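K.L.:
So you can see what is in the structure, the chains are spelled out below.
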Amino acid sequence: MARSSGYVRMLGLAVAGMLAVMACGQQGTGQQSQNLASDQTLKFPIGDDFATLDPAQVNAETDSEVAQNMFNGLVKFDNDLNVVPDIASAMPTISSDQLTYTFKLRNDVTFSNGDKVTSKDVLYSWNRAAATQGPYSTNLSAIAGFSNLSSKPPAPAQLEQLLAKNDPSVMMSGLSAPDPQTVVVKLAQPAGWFLSAVALESTTGMLVDQKVVATDPQNWWTKPETAIGTGSYKMSARTPGQSVEFEAVSNWWGSPKPTVKKVHLDIVKDAGARETSYEQGKYDLNGYGGYSNLQVDDILRIQGSSSLSKELKLQPKVRTTWASFNLTCDAARAAKGPFCDQNGSGAKDLRTAFALAVDKDKLVDVVCHKVVCIAATGGLISKGLKGYLGDGADPLAKFDATKAKSLLKSADPDGSKTKGMTYVYDPENPINATTAQFLQDQWQTNLGVHVDVQPESHSQFIRDRLSGKFVLSRDGWQADYDHPQDWFDNLFAKSAGCPDTNCTTGYNNPQFDALATQANSKPVSDAIPTYKQMSQMLVDSVAYIPLYYSVGAFMTKPYVKGAGTNNFFDYYWNQYQILQHS
Amino acid sequence: MTLGTLRYISQRLVLIVFTALAVSSVVFLGIHRLPGDAFVSERLRPSQEAALLHQYGLDRPLAVQYGDFITKLMLHGDLGESVANRGTKITPLVLREATVSAEIGAVALLFTVGLGMLFGVSAAIRQNTWTDYALSATSVVGYSMPNFVLASFLILLFGVWLEHITDGGFFYELGWTGTFGSPAEILVPAFALGFPYASIVARLTRASMLEVVRQDYIRTARAKGLVEQIVIVRHALRNALIPVVTILGPLVVGIITGSVVIENLFGIPGLGKEFVQSILNRDYNIVIGVFTGYAALVGLANLAVDLVYPLIDPRIRYG
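As you go down the protein sequences, you meet chains A and B in turn. Just add 9 to wherever you are in the first sequence, counting from 1, and you've got our numbering. Just add 28 to wherever you are in the second sequence, counting from 1, and you've got our numbering.
By construction, these hints were calculated from the structure, which means they are not laboratory data. Keep in mind that this is a model prediction, so the values were computed, not measured. We put the CB at the ideal spot given by N, CA and C, even for glycine. Keep in mind that a hint or two might mislead.
Said to hold, decoys possible - Label pairs and their in silico Cβ distance ranges:
| no. | chain 1 | residue 1 | chain 2 | residue 2 | range |
| --- | --- | --- | --- | --- | --- |
| 1 | B | Val177 | A | Asp374 | 40 to 48 Å |
| 2 | A | Ala223 | B | Val177 | 35 to 43 Å |
| 3 | B | Ile37 | A | Val375 | 57 to 65 Å |
To be verified - Over the 12 Å line for every Cβ pair with chain A, so calculated as not near, a few chain B residues:
| no. | residue |
| --- | --- |
| 4 | Tyr84 |
| 5 | Gly105 |
| 6 | Leu308 |
To be verified - Below are the DSSO-like pairs computed for lysine-lysine, each with C-alpha atoms no more than 27 Å apart in a straight line:
| no. | chain 1 | residue 1 | chain 2 | residue 2 |
| --- | --- | --- | --- | --- |
| 7 | A | Lys357 | A | Lys407 |
| 8 | A | Lys52 | B | Lys100 |
| 9 | A | Lys125 | A | Lys266 |
| 10 | A | Lys232 | A | Lys271 |
| 11 | A | Lys113 | A | Lys531 |
| 12 | A | Lys161 | B | Lys117 |
| 13 | A | Lys426 | A | Lys414 |
| 14 | A | Lys414 | A | Lys395 |
| 15 | A | Lys418 | A | Lys407 |
| 16 | A | Lys271 | A | Lys125 |
| 17 | A | Lys220 | B | Lys252 |
| 18 | A | Lys271 | B | Lys100 |
| 19 | A | Lys266 | A | Lys395 |
| 20 | B | Lys100 | A | Lys232 |
| 21 | A | Lys232 | A | Lys220 |
| 22 | A | Lys322 | A | Lys570 |
| 23 | A | Lys418 | A | Lys379 |
| 24 | B | Lys252 | A | Lys232 |
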């Protein structure tokens with residue numbers, strides 16, 4: 010016993026040692042007070058490092074949610090999604106023909122390095138963004154001269170040289186700066202969506218410092234010394250792949266002045282790890298920064314907890330998911346299939362059969378427990394946005410297995426047309442796989458049609474889908490700004506490339522395009538009836554099967570005041586305050 | 029250290045470099061064959077995507093891209109830039125993250141060898157007692173349980189339940205601070221990574237010890253009146269370790285590859301964190317960098333294991 014007790018003692022010492030060392034990681038739970046904490050450092054995790062923070066190239070949601078605190082534009086969206094002045098001192102004056110917008114700039118705006126902002130910075134930033142031809146360059150497409158820019162942009166270094174010389178090949182003729190505080194924008198044609206587009210946070214309407222960008226045209230945003238913007242925060246430290254820190258800009262020109270002095274972001278890939286760390290008290294927020302996809306099981310557990318449930322907010326996000334058909338069979342599209350309008354009226358009946366055969370209410374119960382998604386019953390445009398048709402207004406969202414079977418029988422009596430079909434989806438989001446299996450089951454059970462499901466890696470999936478390779482596929486869109494133009498011009502209209510280029514469905518309707526041109530030229534309040542008419546056209550064409558609207562989950566500690574989110578973006582960091590807590 | 033040993037180490041290091049180069053070449057060709065690229069997006073028009081591919085030189089013939097890549101790697105040790113996280117240089121990223129992975133792996137190896145030997149020796153010298161049965165059962169559970177299951181259980185036990193029980197007094201906090209982390213952050217993930225292999229070491233050590241302690245020279249040592257501790261440690265253990273060291277090489281590989289899951293679950297910024305996502309993102313340079321980093325780590329770890337042999341068995345000499 011004496012010999013063995015020595016080894017057992019060693020074991021015991023080892024365990025005790027581990028516990029003692031772990032005690033160094035102790036941390037208390039939060040207690041709320043209404044006084045400001047002395048340490049105004051906000052910490053939260055994001056799931057991946059930035060692709061880019063350059064407003065001319067920003068695409069991913071995370072990049073946008075962070076960059077919105079670093080850069081400003083002439084106008085912005087407030088928390089209630091109204092377009093309000095930002096660097097502009099007031100909303101622009103608009104000419105009676107809706108073609109000329111005159112902006113007056115504030116005279117106290119500076120970049121975080123102290124450089125004063127003038128109208129020349131607006132011209133430089135917008136010309137650069139347009140000429141770069143990034144994902145959101147089309148936000149500036151209403152400006153006269155945009156269409157003359159090359160679709161093959163020069164290399165960043167060459168672009169800077171051309172911009173420095175005001176070379177016409179990279180300048181939009183519709184932009185001018187009569188004096189340092191005035192910017193005049195001439196549009197090629199009236200565009201009621203123009204202000205919404207340039208207000209879009211973090212993207213092409215934002216201003217950058219030419220002097221700084223020119224020092225490293227490709228990677229200026231990657232380092233704290235050169236990641237210069239007009240925002241209330243600037244990058245202060247960065248360890249790629251691990252963490253990034255921002256600090257409040259002292260004497261920032263805007264309001265409210267930031268109370269939180271430092272924002273620390275950790276890159277934590279696993280959603281479960283992010284939530285566990287949040288609940289341990291390591292982070293003040295979770296779900297922010299573009300990662301509101303908490304695991305459903307976690308959300309259900311949190312909802313069952315009396316303490317944690319108070320910290321949870323479920324916010325509809327502006328993303329709709331639907332299933333798309335290939336509507337056009339022509340030489341330019343690889344996909345054929347039985348849903349093409351070229352096949353006659355039976356094709357539309359077939360599409361209707363497939364749409365009505367899916368129980369959308371059961372879908373959202375199965376794939377997301379009605380927590381992180383809700384049934385899409387009001388059209389393609391997400392609930393809460395302009396152009397939403399209304400709860401239950403979309404007939405394609407109904408479930409009617411009897412009618413579906415009857416339509417199938419008339420459209421495909423011998424089953425030959427629907428033989429060998431495949432539904433393609435990208436499996437990187439687990440909900441897509443569950444949805445695919447559910448749809449397969451519904452079509453089998455309610456129609457007697459077997460549809461194979463095929464996963465395809467996201468990168469290739471997007472490319473193939475947009476080039477018209479799929480007969481039946483997962484589809485979706487996340488709105489960039491609250492304007493129906495964002496949906497129709499990017500998905501179904503000729504301006505998107507439909508029917509044959511960059512168009513999943515191959516939708517081809519000249520009347521739809523005509524209405525789009527008409528609606529886009531009007532102020533949004535006047536254009537809504539026309540946009541709703543366009544939504545109805547898509548419904549009448551049975552262009553899609555509506556599935557669900559996404560819901561984001563956000564966790565906020567009770568001592569973080571002012572934090573929150575709307576359908577589109579997290580509230581700006583300068584609105585947050587850290588209250589005292591233990 | 030003898031001249032022969034130094035020569036041996038040099039030869040192995042050269043071999044590791046060539047192995048890493050070969051791995052990076054194979055991965056380069058493989059990853060570029062995958063359909064899709066890092067820039068595909070619903071918002072990006074084909075012309076815009078083409079412009080980005082051109083900007084990063086990804087529209088050049090594969091042979092040209094490979095020549096450029098291998099030249100930069102061999103002459104400058106430059107693995108290029110990330111295309112998904114633009115502007116991020118791969119070489120410093122891989123070096124930093126490899127350091128983190130090596131740190132976790134080294135502590136995991138300490139658990140593997142330390143706990144494994146402790147369990148194995150204890151079980152052997154107390155054969156057919158409750159100590160033996162308990163430790164053997166623990167070993168069976170250890171190597172039967174996948175490391176991600178163990179990791180999740182440890183997070184629950186030390187991160188969640190312990191926090192609740194002590195009301196936030198002390199618990200394991202997920203995550204990583206700074207470049208080298210802290211002992212509090214390393215221990216639990218290292219244990220999750222190393223314990224399954226410790227169980228294998230324990231079983232092997234027990235079997236080996238049982239054979240050695242029955243040898244005549246052990247009986248002689250006891251007959252000479254030596255204290256049992258000295259008999260076990262100085263006479264029996266060294267010989268019992270030889271088969272254990274033999275399997276350490278594959279165990280180290282298992283620890284390194286097992287870090288992929290562990291680092292993701294514990295939020296540790298090591299190489300494993302990049303592994304899956306970089307492939308899904310078609311971030312070519314990071315994929316190549318991660319695989320190259322792993323190849324180098326495996327090579328260096330196996331070299332370190334091979335250098336342990338002469339310490340245990342003086343008959344083994346290199347060079």
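K.L.:
Hint by hint, note whether the structure agrees.
P.N.:
Now the hints, each set against the structure:
no. : hint                            : verdict
1   : Val177/B / Asp374/A: 40 to 48 Å : 29 Å, violated
2   : Ala223/A / Val177/B: 35 to 43 Å : 54 Å, violated
3   : Ile37/B / Val375/A: 57 to 65 Å  : 59 Å, holds
4   : Tyr84                           : 10 Å, violated
5   : Gly105                          : 17 Å, holds
6   : Leu308                          : 6 Å, violated
7   : Lys357/A / Lys407/A             : 16 Å, holds
8   : Lys52/A / Lys100/B              : 38 Å, violated
9   : Lys125/A / Lys266/A             : 18 Å, holds
10  : Lys232/A / Lys271/A             : 17 Å, holds
11  : Lys113/A / Lys531/A             : 23 Å, holds
12  : Lys161/A / Lys117/B             : 26 Å, holds
13  : Lys426/A / Lys414/A             : 14 Å, holds
14  : Lys414/A / Lys395/A             : 35 Å, violated
15  : Lys418/A / Lys407/A             : 19 Å, holds
16  : Lys271/A / Lys125/A             : 24 Å, holds
17  : Lys220/A / Lys252/B             : 85 Å, violated
18  : Lys271/A / Lys100/B             : 38 Å, violated
19  : Lys266/A / Lys395/A             : 31 Å, violated
20  : Lys100/B / Lys232/A             : 23 Å, holds
21  : Lys232/A / Lys220/A             : 15 Å, holds
22  : Lys322/A / Lys570/A             : 14 Å, holds
23  : Lys418/A / Lys379/A             : 33 Å, violated
24  : Lys252/B / Lys232/A             : 70 Å, violated
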